[in-house]
Each structure stands twice: as structure tokens, then as C-alpha cells.
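Colleague: Modelling step: build the complete structure from the supplied sequences, incorporating the hints.
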Amino acid sequence: QKEVEQDPGPLSVPEGAIVSLNCTYSNSAFQYFMWYRQYSRKGPELLMYTYSSGNKEDGRFTAQVDKSSKYISLFIRDSQPSDSATYLCAMSADWGAGKSTFGDGTTLTVKP
Amino acid sequence: GAGVSQTPSNKVTEKGKYVELRCDPISGHTALYWYRQSLGQGPEFLIYFQGTGAADDSGLPNDRFFAVRPEGSVSTLKIQRTERGDSAVYLCASSPGSLNTGELFFGEGSRLTVL
Chain U
1 QKEVEQDPGP
11 LSVPEGAIVS
21 LNCTYSNSAF
31 QYFMWYRQYS
41 RKGPELLMYT
51 YSSGNKEDGR
61 FTAQVDKSSK
71 YISLFIRDSQ
81 PSDSATYLCA
91 MSADWGAGKS
101 TFGDGTTLTV
111 KP
Chain V
1 GAGVSQTPSN
11 KVTEKGKYVE
21 LRCDPISGHT
31 ALYWYRQSLG
41 QGPEFLIYFQ
51 GTGAADDSGL
61 PNDRFFAVRP
71 EGSVSTLKIQ
81 RTERGDSAVY
91 LCASSPGSLN
101 TGELFFGEGS
111 RLTVL
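Chains as they are written, first to last, in the working numbering: chain U, 1 to 112; chain V, 1 to 115.
Read the hints as simulated data drawn from the structure, not as lab findings.
Accuracy of the hints is not assured; some may be wrong.
[Claimed, not checked] Subject to a maximum C-alpha distance of 30 Å in a straight line, what follows is the list of computed BS3-like cross-link-like pairs (lysine-lysine):
1. U:111 - U:67
2. U:70 - U:56
3. U:111 - U:56
4. U:2 - V:78
5. U:111 - U:42
6. V:15 - U:42
7. U:56 - U:2
8. U:42 - U:56
9. V:15 - U:2
10. U:70 - V:11
11. V:11 - U:56
12. U:67 - U:56
13. V:78 - U:42
14. V:15 - V:78
15. U:2 - U:67
16. U:2 - U:42
Modeller: This is the structure we're talking about:
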């Protein structure tokens, strides 16, 4: 079983919808939780990161971490066609000094 | 350049051949990572350099894979006796290398196809 499991999707939603993306993990050592966005044939780019449990908001994006349940989520409000991409969750124990472990990604399509 | 540069962008080779993939990180970034991404999967960690030394090579799948970073900047991933299962996108990423500054800046990848 993988250390990080991500809801596989794909997801297709109408423009303006609220999107929920989720991952679970098994390694208790993970302290940093990241969401990357990847467009086709491009490298991933960081959207948000969170340290330990709690919520973090950045514009239309909200990241939630529940360490007790080993569950993380990314919410996208007022989704736009430009949000169409693959979203990867990633986690690490020592952010900046070691590897990150990625989920397999959820592909999101937002239809105009 | 401003971002992470990887060459070649595409490489087609025959089973059993030797391949080198190059990564030029963002200037000043001391940490450099190689990941491998197969179709429909997330990036899989291969190796992490801090400066010139490999701080963690636990993700290299076998001894056919080797990576170097002799001057602490450019890195080369070397694959010997390629197999069809090595076909994937090889992603390089760099980061500043300090604790709590772990954002990975990825290149666009080198797409390797082994026939």
C-alpha cells in the first residue's frame, strides 16, 4: 500500500462550482503538506503548503489538514476553466531538507 | 535562465542503450531532486542532492541508475542498460536548501521512451 493515497478522479464540474480534492496518508512523520498543480506536459508547481494540522486560505483555495485522521483536503471555490489541471498532494517530514512523497493526482476539468 | 532547465526534452532510445539526462537548477539553489513520473502517476522520488553530495539516494530503483552533481550546480542522471520499464518523464526540481523553504521548483521534464 502506498504511503499517500489520493482520490483518483477524474473530476468534471461546471464553472463556479466548489471542488474538493482529498488525500490520506499512513506515515506519522509527515509534518508538511503541499498541493501542487500540474498542467499537461509541464512540471508541477506549488499551490499551497501547510505545516501540521489546521486550515490555510489563499484566495479561492483552502487547504485543510487533519493529522489525527491522516487526511488532507484542498477546496477550490468559484472554480474557473483555468483551474483545469492535475492536482497532486505531497507530504514530507523535513520540508527543505528531504524528499517529498506525492499522491498520484486528481485530474480536474472545469467546464465553461 | 530563471527556471529549472532540463535537456533533452525528449529522448527515444533502444533497449540496452545508455542514457544521460541533464538538469540545470535555479541559480543559488543548493538542493536538487530527481523524480520519475509514469503515466497517470505522481512523481516518484529518486535522489536528493544537498550541494555536491547525494544526501538521500534511497529512491534509485537499482544499480543501473546513477546521478552526479560534481560542482553543486548542474546534475546528470545516468541510466545504463535501459529497459522498457524505464520509460517515463524524469523530473528535476531544485529548492533553496534551507529548512522550512522546501518549495520544489520543477523543470518541464525529460520524456524518455525505451523501445
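Colleague: Determine for every hint whether it applies to the structure shown.
Modeller: Structure-based check of each hint:
Proposed proximity of residue 111 of chain U and residue 67 of chain U is contradicted: the alpha carbons are some 33 Å apart, above 30 Å. Using a Cα cut-off of 30 Å, the hinted pair residue 70 of chain U and residue 56 of chain U holds, with the two alpha carbons roughly 17 Å apart. Among the hinted pairs, residue 111 of chain U with residue 56 of chain U is consistent with the structure: their alpha-carbon atoms are about 26 Å apart, no more than 30 Å. Between the alpha carbons of residue 2 of chain U and residue 78 of chain V the distance comes to roughly 27 Å, so the proposed pair stays at or under 30 Å and holds.
The hinted pair formed by residue 111 of chain U and residue 42 of chain U meets the criterion: a straight-line CA distance of about 21 Å does not exceed 30 Å. Proximity of residue 15 of chain V to residue 42 of chain U is assessed by CA-CA distance (about 26 Å); at most 30 Å being required, the pair is judged to hold. Among the hinted pairs, residue 56 of chain U with residue 2 of chain U is consistent with the structure: their alpha-carbon atoms are about 26 Å apart, no more than 30 Å. Of the pairs offered as hints, the one joining residue 42 of chain U and residue 56 of chain U holds, with about 26 Å between alpha carbons and a cut-off of 30 Å not exceeded.
For the given pair, residue 15 of chain V sits about 29 Å from residue 2 of chain U by alpha-carbon distance, which is consistent with the 30 Å threshold. Straight-line distance between C-alpha atoms of residue 70 of chain U and residue 11 of chain V comes to about 39 Å, which puts the hinted pair past the 30 Å bound. A C-alpha spacing of about 40 Å is found between residue 11 of chain V and residue 56 of chain U, which places the hinted pair above 30 Å, so the restraint is violated. Proposed proximity of residue 67 of chain U and residue 56 of chain U is supported: the alpha carbons are some 14 Å apart, at most 30 Å.
With a C-alpha separation of about 22 Å, the suggested pair residue 78 of chain V and residue 42 of chain U falls inside the 30 Å cut-off, and the hint holds. Simply put, residue 15 of chain V and residue 78 of chain V have alpha-carbon atoms about 15 Å apart, close enough for the 30 Å limit, and the pair holds. For a cut-off of 30 Å, the pair hint linking residue 2 of chain U to residue 67 of chain U stands: about 17 Å separates their Cα positions. Pair hint residue 2 of chain U plus residue 42 of chain U holds up; C-alpha atoms about 24 Å apart against a cutoff of 30 Å.
Of the numbered hints stated above, those contradicted by the structure are hints 1, 10 and 11, listed in ascending order.
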